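Given next are the chains, with one letter for each unit.
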Amino acid sequence: MAGAAVLRRLTWVVATVEEVVEETPRVRTIVLDVPDWTGHRAGQHLDVRLTAEDGYRAEREYSIASAPGEPVAITVERLEDGEVSPYLTQELRVGDGIELRGPVGGYFVWDGEDAAPLLLVAGGSGVVPLRSMVRHHQRSGSATRVRLLYSSRTLDDVIYRMELDETGERVEVVYTLTRDHPAGWRGYARRVDPDLLAEVAWPVDDGARAFVCGPTSFVEAVAMSLVELGYAPARVKTERFGATGGR
Amino acid sequence: MSFISRGFKGRRRDPGDPGRVPPGQYVTDDFPVLSAGPTPHTPLDEWTFSIVEGDERTTWTWDELRALPSETVNVDIHCVTRWSKLDTTWEGVSVDTLLEEAGAEAPYVLAFCDGGYTTNLPTEDVTGGKAWVAFGYDGEPLDPEHGGPARLLVPHLYFWKSAKWVRGLALREDDEPGFWETYGYHLYGDPWREQRYSGD
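Taken in order, these protein sequences are the chains called A and B.
Going by this note's numbering, the first sequence opens with residue 1, and the numbers climb by one from there.
Going by this note's numbering, the second sequence opens with residue 1001, and the numbers climb by one from there.
It is worth saying that the hints were derived from the structure and are not from the lab.
All values reported here derive from a predicted model rather than from experimental measurement.
Be aware that one or more of the hints could be misleading.
What the hints assert, rightly or not - Every beta carbon over 10 angstroms from chain B, so not counted as near; a handful from chain A, in silico:
no. : residue
1   : Asp165
2   : Val174
3   : Arg186
4   : Pro194
5   : Trp202
As the list claims (entries may be wrong) - Distance ranges between label pairs, derived from CB positions:
no. : chain 1 : residue 1 : chain 2 : residue 2 : range
6   : B       : Arg1020   : A       : Val13     : 28 to 38 angstroms
7   : A       : Leu155    : B       : His1041   : 34 to 44 angstroms
8   : B       : Val1073   : A       : Pro86     : 32 to 42 angstroms
9   : B       : Glu1100   : A       : Thr11     : 40 to 50 angstroms
10  : A       : Tyr56     : B       : Trp1192   : 16 to 26 angstroms
11  : B       : Gly1129   : A       : Leu155    : 48 to 58 angstroms
12  : A       : Ala232    : B       : Pro1144   : 13 to 23 angstroms
13  : A       : Thr38     : B       : Pro1069   : 47 to 57 angstroms
14  : A       : Asp193    : B       : His1041   : 15 to 25 angstroms
15  : B       : Arg1011   : A       : Gly187    : 34 to 44 angstroms
Glycine included, every Cβ here is placed at the ideal spot set by N, Cα and C.
All chains, full assembly: derive it from the sequences and hints.
Following this line, the structure appears as structure tokens:
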């Protein structure tokens, strides 16, 4: 695993906003043209730096939402008390420049080469790096079996919904809605708990690899449940963000 | 020369004391959690802490560690993901105490942990009253998701160096990269010089 790391200096570049996609009322995808991008792996993130006219700066990390080989995109959820996410979701527009550097991270990544089935578990905007993995799976024609369990508050909060509804049979997407669900809803309608995971997760004997991303309490609960189901801790990779996390 | 983000003003909600918040950081009152895998839960009666130097190993049980003189420290902490938290209060045993008891000496240490996590530090950064094996936070036992029963506390470096679920220190002649360092994070990690990634 040590050989997987690319140890090179990351420099700031000014990318250009090519397109913005309003995913939900609070979430926007920003497609970027990044000069000299070296490429990225599914699951990596990048750093964004905003600079005000008086030189004041704010930096945050965002997961990359696009697959390797696609134009770089980030998906940002607006946090009402945030500093960077309101700018990215409300002020930034097509043609603007934005400073970034990356890609960063080499652990929470999926390269699509292994035969073990893949379990992706997302809470809210934690779906972003997992969507990169799903897209990578689709684009690379991977034969790996994939299940995505995606927990959202309501159906309107589901990010990438149309895309996830059309993944075909090679990627199973299972939703659970924790706050409110429409009449006739046939998905799950409760928080992810051990029973729900036992129903959705690949059997332990399949040797699945799991990626879990979401708020801290969600990730804690899911990761612990997977270990209790018999998943080896080393096969459960997590990424978390706190209540005020900038992602 | 310098790029300006059109329309960005910033909220500057808590500029705080500029002498206490390193560049690129923002102050939070929360205590976010970042870890690469499930939270380990080693029972205290199986828990040990070891100082390892070559073939020599000095080991403390939980009760033995807790019987050592401990200190309460008030420090600011800085995570590489850009949050800083000021005036955090910890209780722990100084690494000086442990190294003295073990009689161990070498230029570098590699902290090792439950879950396979490691991180590397120069020995001079964990001695001289700069680092602790902390088991208390804010007057309570350290919560597992924050690294309990015990984590390394090295507040003057980015917080990934304050390894959670720490089980020991291996003394080394060379600066062997740890877990995050292998994935491109900085070998040393000084927040005041913004040493986030390799080459910074």
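Hints, verified against the model:
{"no.": "1", "hint": "Asp165", "result": "holds, 30 angstroms"}
{"no.": "2", "hint": "Val174", "result": "holds, 21 angstroms"}
{"no.": "3", "hint": "Arg186", "result": "holds, 31 angstroms"}
{"no.": "4", "hint": "Pro194", "result": "holds, 14 angstroms"}
{"no.": "5", "hint": "Trp202", "result": "holds, 17 angstroms"}
{"no.": "6", "hint": "Arg1020/B to Val13/A: 28 to 38 angstroms", "result": "holds, 31 angstroms"}
{"no.": "7", "hint": "Leu155/A to His1041/B: 34 to 44 angstroms", "result": "holds, 35 angstroms"}
{"no.": "8", "hint": "Val1073/B to Pro86/A: 32 to 42 angstroms", "result": "holds, 36 angstroms"}
{"no.": "9", "hint": "Glu1100/B to Thr11/A: 40 to 50 angstroms", "result": "holds, 44 angstroms"}
{"no.": "10", "hint": "Tyr56/A to Trp1192/B: 16 to 26 angstroms", "result": "holds, 18 angstroms"}
{"no.": "11", "hint": "Gly1129/B to Leu155/A: 48 to 58 angstroms", "result": "holds, 55 angstroms"}
{"no.": "12", "hint": "Ala232/A to Pro1144/B: 13 to 23 angstroms", "result": "holds, 19 angstroms"}
{"no.": "13", "hint": "Thr38/A to Pro1069/B: 47 to 57 angstroms", "result": "holds, 51 angstroms"}
{"no.": "14", "hint": "Asp193/A to His1041/B: 15 to 25 angstroms", "result": "holds, 19 angstroms"}
{"no.": "15", "hint": "Arg1011/B to Gly187/A: 34 to 44 angstroms", "result": "holds, 37 angstroms"}
Violated hints: none; the structure is consistent with every hint.
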